[in-house]
Amino acid sequence: MYFYIYDNFLSEKKYERTLAAVETRLTDLGISGKIGRLSPFTSAKGLIRDEAKRGSQTVVVVGNDETVSKAIEGIGEVKVTLGMIPIGAPTTIARALGIPEGVEACEVLSKRVTQKIDLGKVNGKFFLSSLRIPGDRVVIEGEGQYRISTLAANCEIIVSNLRSGEMLEDAQSSLRKSGNPMDGLLDTLITNRKGGLLGFARRENGGSSVIPLRKMMIRSEGPVEAVADGSKFASESFDIEVVPDCLKIITGRERIFAQI
Amino acid sequence: MRETNHEAETIISASVKVEGDFVSQGNVLIEGEVEGSIKTEKDLRVGEHARIAADVSAASATVAGEVRGNMTVRERLQLEPTARVFGDVKTKDLVIASGAVVNGRIMMEAEEEAAGRVAKAVKAAVKPAIKTAKVEAGEEKIEDALDAGDAATEKEKEGTKKTINAFFTR
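Just so you know, the sequences run in chain order A and B. Residue numbering for the first sequence follows our numbering, starting at 1 and increasing by one per position. Residue numbering for the second sequence follows our numbering, starting at 1 and increasing by one per position.
Isolated chain A, as found in the complex (with noise of 0.2 Å):
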């Protein structure tokens, strides 16, 4: 039994026309369902929760990347299968698991191949790709074992679960081929930011760390604010972990992960 995910957002003009076309299609492959939206009032953790109690057993986002975070927060604690359909920006998440925007993303979802992945966990809170923390004066304890801290002003931490959107551009060759969701590790991704014409940050290739970690801690001098798949919060430690296997989830043949 599938259940849809509405974002609050979907719900203007401009996207009526996407989602008849994807309701159509949907009904068509046989794999329609009950559909539950978001709004200020109703949080996907809650939805999520109810609906499995039904039975539902797939969970189906349709959103952007943001609604994504929204609904793995609920997720990561249920244990249904998540699906995506791609619609609205950014939808990084979606497309590093090869799904493809609207309709498309339909097709997909009813040859439904699913993965197993980790998810990463900060502060209790679950998120599936990246969590990103302002680097300056912090240090972080990786595994218990040791310690590294940034020498660099202006740097930025990004702890990787599945690496997508804009660290795919930017990484080293190197960088980019190891990070994978499927590994049981978190990549901690160490950057110099240097600001760059007209105020836009730009990023230093050569100056990239990257250490895969499972458990990590994450202190600072004062509160930071950090930013976990898109949603913003404020802290000045980070407890940080790997959850193996935690989601299974639908892919695409043009995932980055996982790959025949």
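Just so you know, not all the hints are guaranteed correct.
List of simulated lysine to any residue pairs, SDA-like, C-alpha gap at most 20 Å [as the list claims (entries may be wrong)]:
no. : chain 1 : residue 1 : chain 2 : residue 2
1   : B       : Lys92     : B       : Thr72
2   : A       : Lys215    : B       : Thr40
3   : A       : Lys215    : B       : Ser24
4   : B       : Lys17     : A       : Glu141
5   : A       : Lys215    : B       : Thr72
6   : B       : Lys17     : A       : Lys125
7   : B       : Lys39     : A       : Arg147
8   : A       : Lys125    : A       : Gly33
9   : B       : Lys42     : B       : Glu75
10  : A       : Lys215    : A       : Val227
11  : B       : Lys92     : B       : Met108
12  : A       : Lys111    : A       : Gly222
Treat the hints as calculated values from the structure; they're not laboratory data.
Using the hints, position chain B against chain A.
Positioned in the frame of chain A, the structure of chain B alone reads:
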């Protein structure tokens, strides 16, 4: 199908300092500073500007920077012209480029193997010797026992003779 993490790459760049016991399952490239110990199951590369104050253990290694600590490399250790190693080196295959500095003892596996062979030979020689010694000791004991037995018999005989003599005297 689940993928293994053997191909994981670790890069410690010049802007990062690592302190403690660093353990990795995959290839490690160090361009920054490391203090403590480094252990990897695969290849280690130490960049030209890297500074390592740690004991190093790796399957193979290429060093172009500074290492202060003992190095144990299972397969091949390659020291580039800019390499500076201050510590003992233990490896199977060593390549030192002109200009590289090594201050420490170098122990190749051939020497270790030789040491191992000597140890084995000594062990092999010692074992039979111990056995012989044990056997000899056993024989001596038996002989002692036999001698003791003979003495007892002679004493008994003498006792009997004395009794007979006493009977005839009466």
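Hints, verified against the model:
1. B:Lys92 / B:Thr72: 9 Å, holds
2. A:Lys215 / B:Thr40: Measuring from Cα to Cα gives roughly 18 Å; hence the hint holds.
3. A:Lys215 / B:Ser24: Given pair Lys215 of chain A, Ser24 of chain B holds - Cα atoms ~13 Å apart, limit 20 Å.
4. B:Lys17 / A:Glu141: 12 Å, holds
5. A:Lys215 / B:Thr72: 27 Å, violated
6. B:Lys17 / A:Lys125: 29 Å, violated
7. B:Lys39 / A:Arg147: With a Cα-Cα distance of about 15 Å, the restraint between Lys39 of chain B and Arg147 of chain A holds, given a limit of 20 Å.
8. A:Lys125 / A:Gly33: 28 Å, violated
9. B:Lys42 / B:Glu75: Given that 20 Å is the threshold and the Cα spacing comes to 10 Å, the pair holds.
10. A:Lys215 / A:Val227: 18 Å, holds
11. B:Lys92 / B:Met108: 5 Å, holds
12. A:Lys111 / A:Gly222: 48 Å, violated
Figure legend: structure checked against the earlier numbered hints; hints not met, in rising order: 5, 6, 8 and 12.
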